[in-house]
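Enquirer: Listed below, chain by chain, are the residues.
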Amino acid sequence: MHEISTKLTPMADFDNIRRIDGFEHIKNEYPTYLTDESKLSPEACDYLFFPMDESELAAILKQMSDRKLSVTIAGARTGLVGGCVPCKGALISLENFDRVQAVYYDQPATEWRIQSQCAVSLRSLNSQIASKNFPDLIRCGDSAALSGLQRFKNDPDHYFYPPDPTEMSASIGGTVATNASGARTFRYGPTRDWVRGLRVMLSDGETLSIPRGKYFASPGGEFTVYDSRGNDRRITLPSYRMPRTKNTSGFYAAPQMDLIDLFIGSEGCFGIITEVTVALLRRTDKMSVVQFLDSDEQAIDLVDALRNEKRVQLDFLEFYSGNALDLLRQRQKQDPKAVDMPAIPEQAGAALFFEFGFAPMANKLDYTALEETIKSNGASLSDSWAAYENRELQRLKDFRHILPETINAIIAERKKQHPELHKLGTDLAVPDSRLRDMWQVYKDRLSAADLQWVAFGHIGNNHIHINILPRNGSELQEGLKIYGQFAAKAVEFNGTVSAEHGIGKMKIKFLELMYSPEHLDEMRAMKLAFDPDSLLNPGNIFPT
Amino acid sequence: MKIVVCVKQVPEITDVKVNPETGTLIREGITSILNPFCEYALDHAVQLKSEHKDTEVIAITMGPPQAKSALLRCLELGADRAVLVSDLKFAGADTWATALTLSSAIKAALSDVNLILMGKQAIDGDTAQVGPELAEILNLPQITYGVEMHLTSSKKRLRVKRETESGYEVLEVRLPAVVSASKGDFIRRIPSFEDVLAARVKELREISADDLDLEETELGLRGSFTQVISVFPPQQKQGGIKLEGLEPEIAARQIAAYLREEQFI
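If you read the protein sequences in the order shown, they are chains A and B.
Read in the working numbering, the first sequence has 387 at position 387, and its numbers run on one by one without any break.
Read in the working numbering, the second sequence has 12 at position 12, and its numbers run on one by one without any break.
There's no promise every hint is true.
What the hints assert, rightly or not - Which residues of chain A face chain B? A few of them, derived with a C-beta cut under 7 Å, are:
{"id": "1", "residue": "Ile235"}
{"id": "2", "residue": "Pro342"}
{"id": "3", "residue": "Glu346"}
{"id": "4", "residue": "Ser384"}
Derived from the structure by calculation, the hints contain no laboratory data.
Glycine included, each C-beta is placed from N, C-alpha and C at the ideal position.
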């Protein structure tokens, strides 16, 4: 079925909705609402709204539409490309949409699911799932919600929500709007793979309820959306093919695709996600290992070997380049307590960080395949750090996070001398067959430019974050130029200009490297079919 | 030199939640770990071993069969072998019965021990009694709250830096002796993948009440002088004053007025 109808939402009294008027007031009293982790500067907006429910959200959209003011939607403001940074008009914070609504077992899919309002953070969601303690359900749940919860508690197994973006304070709605991914995307895929249902408010204030598996594009590549007044809008899918990599560049498109996938990763261009239903997975014990290696090239060899060894199933596969380890060694010397790990082995010239299933109390442990793969690549199992208790797993994760923190601290220090400086972190991914080529491009170009840089991240998905640390303004300009060259190269290798951060307001130029003007027009036509007056999230994906 | 490290398995949380109706600990979803202070004690033992190659480190615990995981962790972190003292008859042991059982197990299973190390306390019970009691039962000298320890050149004495409420003391004790460990100023070890796999093939011996030279009346609940009647969390401190639903400027004025009134500013 490719036809779907929206439903009218009752509208609250606009005057009773909590709001802050005037940019000066917002800027002085609510500055944190005006940017995200991109630290992009906002354009002056007239209002900041805090709707409590969909009826208030619909009333805001109606009023803003009448006043010909656009709206920007903000979740937890953890994005890296300025998606929620206001661009004139009004800013709507969805922070009050913060209730978990149901936990239930879906019999046909044989899986546990959580239905939640959009502002619940991943940290809160995971903590409630882990403890099987859902205060919202106990406080406000009806009998069906309470019985679902009781059944969940009675299940002897424990569960988790697999997507793990680095920033666990992200809101679930935000992670769906951006199709967030993280280290475990290597095994479990991005957020898209775990979304089972969405509730979306369109720019006219009407809502769509979209379960996965019900609405599919027609063979001609169309959806038809009817509103409560009997009008219809035809959505024609773009004709491009998505890169065969992890990707958040441009709208998702595939023949006879599920309508739900159009909204996932659309960065708020089509509608406002108010509710999300996601699937959970049974939790099993894990071991994480940081395996030290001689060189970056040996690390890439081992990545290939691990991916080709079908007996080994890793949850994630991450990378520290040799120069990243050097940076961490320096930090260790300056502040050993902050790093809180034994000395990084002197001979280590790179490292891989990976996780796999592990039963600590099993009578016999057989990791022959993994051991053989590591040893046959010339690495030694004794040059590693291993963890399986929760606090130890967290310790290795903290070690992973201390690298970007250290980079941020260095940039902040340099900014004192050169205020124009900022970090340059790439987000490019290429197909498996091009990992080695792309690495060579990075290394050759950066060495020739004599810039300070480190590399880390999701090497299992050929998605390495190159971080350039400019020392002055001219190095920043040089770095920006090189980043553009890398993006063009990634496209040449059939990769993507943004694997997980999205396009937002920061990478629009890169999108033009990846898609032809015709394809960009097709995307724009889809946006206008859903949002004819371009009310929603102006400046995201398309220049204003 | 032979070093015995007495360890305990504890719940992996610091804020223990208690069921208010039954007065029992809520253990749902909580995993167990090696008590952090025991890990510090083990770290000292492994450090001594790295300084004196002819040293053997043996981890020992009294606990249910699942306490084996704490011993496996010790073996991963550098212990050479381990002893699990486990029997239903040990259930309900207080600190005295625990110390008596452990001391008897050390005598029964291990000979010629030069040094017994323990954590200063377990993070679940927080009693800090088992170490000193064990020293008394075995009639050994003891130093508590050790943060650094080195053998003297004759290897017959141990020099220990210990924490006090006002600073540090450096003491020497003749061996054999019992020393309990505080956190100290070091980075915790982490095993390699190889260490984790190797731990599974190291010797882990299990002994029961039958192996000990103790009467049943000296074991577990029967051998305990104290008994836990109930467990309850301390009364929560009252929250401060919370201003809600106010414009920031008005709220700031009210806070400033309060601070002035209470003469904080």
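Enquirer: So, for every hint listed, does it hold in this structure?
Expert: Each hint, compared with the structure:
1. A cut of 7 Å between beta carbons decides the hint on Ile235 (chain A): the least distance to chain B is about 43 Å, and the hint is violated.
2. With its C-beta approaching chain B no nearer than about 6 Å, Pro342 (chain A) sits inside the 7 Å limit, and its interface hint holds.
3. Because the closest C-beta pair between Glu346 (chain A) and chain B is about 15 Å apart, greater than 7 Å, the hint is violated.
4. Below 7 Å, beta-carbon pairs count as interface contacts, and Ser384 (chain A) has one with chain B at about 5 Å; its hint therefore holds.
In this structure, the hints that do not hold are numbers 1 and 3, in rising order.
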